[in-house]
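Asker: One-letter residues, chain by chain:
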Amino acid sequence: MWSWVAHRVTGVLIFFFLLVHVLDTALVRVSPEAYNDVIGTYKNPIMGLGEAGLVAAIVFHAFNGLRIILVDFWAKGPKYQKVMLWVVVGLFVVTMAGFLPRHLMHVFGGE
Amino acid sequence: MTLVADPKAPRPPKGGPGRRTTRGNTELYGWVFMRASGVLLLVLIFGHLFVNLVAGEGVKAIDFGFVAGKWASPFWQVWDLLMLWLAMIHGTNGVRTIINDYAERDTTRLVLKGLLYLAFAVVVILGTLVIFTFDPCPSGSPADLLPSFCTA
Ligand code: HEM
Ligand code: HEM
Chain Y
0 MWSWVAHRVT GVLIFFFLLV HVLDTALVRV SPEAYNDVIG TYKNPIMGLG
50 EAGLVAAIVF HAFNGLRIIL VDFWAKGPKY QKVMLWVVVG LFVVTMAGFL
100 PRHLMHVFGG E
Chain F
0 MTLVADPKAP RPPKGGPGRR TTRGNTELYG WVFMRASGVL LLVLIFGHLF
50 VNLVAGEGVK AIDFGFVAGK WASPFWQVWD LLMLWLAMIH GTNGVRTIIN
100 DYAERDTTRL VLKGLLYLAF AVVVILGTLV IFTFDPCPSG SPADLLPSFC
150 TA
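The listed protein sequences derive, respectively, from chains Y and F.
Read in order, the letters of the first sequence correspond to residues 0 to 110 in numbering that gives the first Met the number 0.
Read in order, the letters of the second sequence correspond to residues 0 to 151 in numbering that gives the first Met the number 0.
Just chain F, with the same shape it has in the complex (with noise of 0.2 angstroms):
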């Protein structure tokens, strides 16, 4: 294995002859961002895996009435949106510096990351409606698929 002898956390570039590739700290924030939401994001899926997988019955448990017992709450409603967030801003920083690692032609590169942007912005925006616009109790739907407050 292969050590790097010193390994050190980028900073701000000072400036002079050695800043060449971006202008200002953007690169920096997002390096930033990566760690912050990696620390959050582990409680948040170690939160939703545990719930959704562990916990009852398992994933035999889930279907539309678990999802509209769990969204019936804004405690998880809250939950899944940070992590709705966080999870889609950090994929996508991270799989942009896949492409800039990888894509070496200059069309390759601006295709695969139009993608991945147009991708970023369906299912945050999706994501997004969908917890705000739940309708647990859809009318004309069958009772017994429904959470059990509905009849209430």
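Pulled out of the complex, with its shape left as it was, chain Y reads as follows (with noise of 0.2 angstroms):
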């Protein structure tokens, strides 16, 4: 149930989020000046923190929507399914200790 809960909460987040990357992106197209303005107000540590956030959103959206599948065309998906969610919480933990000191170096790293 919470799985289903965080499911849709990701999802919605990633949306919005979209919206807004896309726009961001699109002022390549009004000058350089104008994308490295914008894009240098993101690099900040608490940009750097929403991005962790939003990678984390991504991850375990991306994981569970498998399992969602799986459960839904493989034949033993629905006997397996609670199994399957802890797989997930493992491939989130370790995805996330992959990414997450090399992200937080970039944005918090010397220089």
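If you are wondering where the hints come from, they were derived from the structure by calculation, not from laboratory data.
There may be inaccurate statements among the hints.
As the list claims (entries may be wrong) - Going by beta-carbon spacing under 10 angstroms, a handful of chain Y positions derived as facing chain F: (1) V11; (2) S30; (3) P77; (4) H105.
Unchecked claim - DSS-like mimics (lysine-lysine), calculated; alpha carbons at most 30 angstroms apart, straight line: (5) K81(Y) <-> K7(F); (6) K42(Y) <-> K69(F); (7) K78(Y) <-> K69(F); (8) K59(F) <-> K69(F); (9) K7(F) <-> K75(Y); (10) K112(F) <-> K7(F); (11) K42(Y) <-> K59(F).
Backbone N, C-alpha and C fix where the C-beta goes; we use that ideal spot for every residue, glycine too.
Grab the two chains, each in its own frame, and use the hints to assemble them into the complex.
Answerer: What follows is the structure, given as structure tokens:
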């Protein structure tokens, strides 16, 4: 049940991000200065954490989405749906453990 | 946790008295699309995030020159175009389901879906135009903001 709620919430979140994301990317058609200025305002620790949150949302939605697909199409899917939820949690932890240190290093790292 | 006793994929309606909600198989095709696009999006988005956030200098490296470098290649143009369309159709269809679930008054539903489809049209058209009309070397811009191949 919680996984269904989380799948909904992350889906909506990604959708609204995408609306804004296409708009800010469209600034490349205005001028290089306009694009760099706006992207420049994103380059701070708060946005860096926001990006980490967004990636977490996508990673969960993506792996849980695969689980939904397997439950629907794989004959044994319904039987293993609960096991697969733990696989989703496991894959989520592993992916984020790979991603977070590197991303936080880019965001908080020196120079 | 409550489990559905016997979950089943939706089948095309056979007709007869049980058939009420929609005419035709539109909802079934939507259901299949959510799954097919989901698998493709996983590859497209993970690739996008890897190249833009993890590889090289990560987010720090993103600027006009970075985008121009990527869109100089048809590979990334097609990649982004597919991602744009699939993610927007998948997301719009998903949000449509959610509106149907929670907005109970007819007018509320109508207004929310109107806004949703408007946002869909604006973003898909704008995003597509941006990819196809992109100019990596706009004249009059300082060379240090442009990709190196502009001066070559
Ligand atoms: C924080 C994470 C993200 C960053 C830093 C980022 C960065 C970028 C950049 C620099 C571009 C320009 C072209 C390119 O590099 O290919 C772009 C375009 C694009 N991104 Fe992302 N992106 C992020 C997350 C996402 C996500 C999660 C999605 C999908 C839901 C997405 C979908 C797109 C699309 C569709 C385009 C093409 C836009 C257009 O047609 O104008 N991005 N992104
Ligand atoms: C990364 C790969 C993705 C996969 C594997 C995936 C998979 C899925 C699946 C299987 C569903 C369930 C559909 C159903 O129950 O009929 C779904 C729903 C949904 N997805 Fe995705 N998706 C992905 C990316 C996205 C993106 C980029 C967005 C936003 C632009 C998004 C937004 C939604 C929404 C709003 C729903 C509806 C949730 C609900 O009805 O409870 N998804 N997704």
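Asker: Work down the list of hints and note, for each, if the structure agrees.
Answerer: Here is how each hint holds up against the structure:
1. V11: Status holds, d = 6 angstroms.
2. S30: holds, 7 angstroms
3. P77: Holds - the Cβ of P77(Y) comes within 10 angstroms of chain F, reaching about 5 angstroms at its closest.
4. H105: holds, 3 angstroms
5. K81(Y) <-> K7(F): holds, 16 angstroms
6. K42(Y) <-> K69(F): Answer holds: K42(Y) to K69(F) is near 20 angstroms, not above 30 angstroms.
7. K78(Y) <-> K69(F): Violated: K78(Y) and K69(F) sit about 44 angstroms apart, past 30 angstroms.
8. K59(F) <-> K69(F): holds, 16 angstroms
9. K7(F) <-> K75(Y): holds, 12 angstroms
10. K112(F) <-> K7(F): Holds: K112(F) and K7(F) sit about 28 angstroms apart, inside 30 angstroms.
11. K42(Y) <-> K59(F): This hinted pair holds, its Cα atoms lying about 7 angstroms apart.
Of the numbered hints stated above, the single one contradicted by the structure is hint 7.
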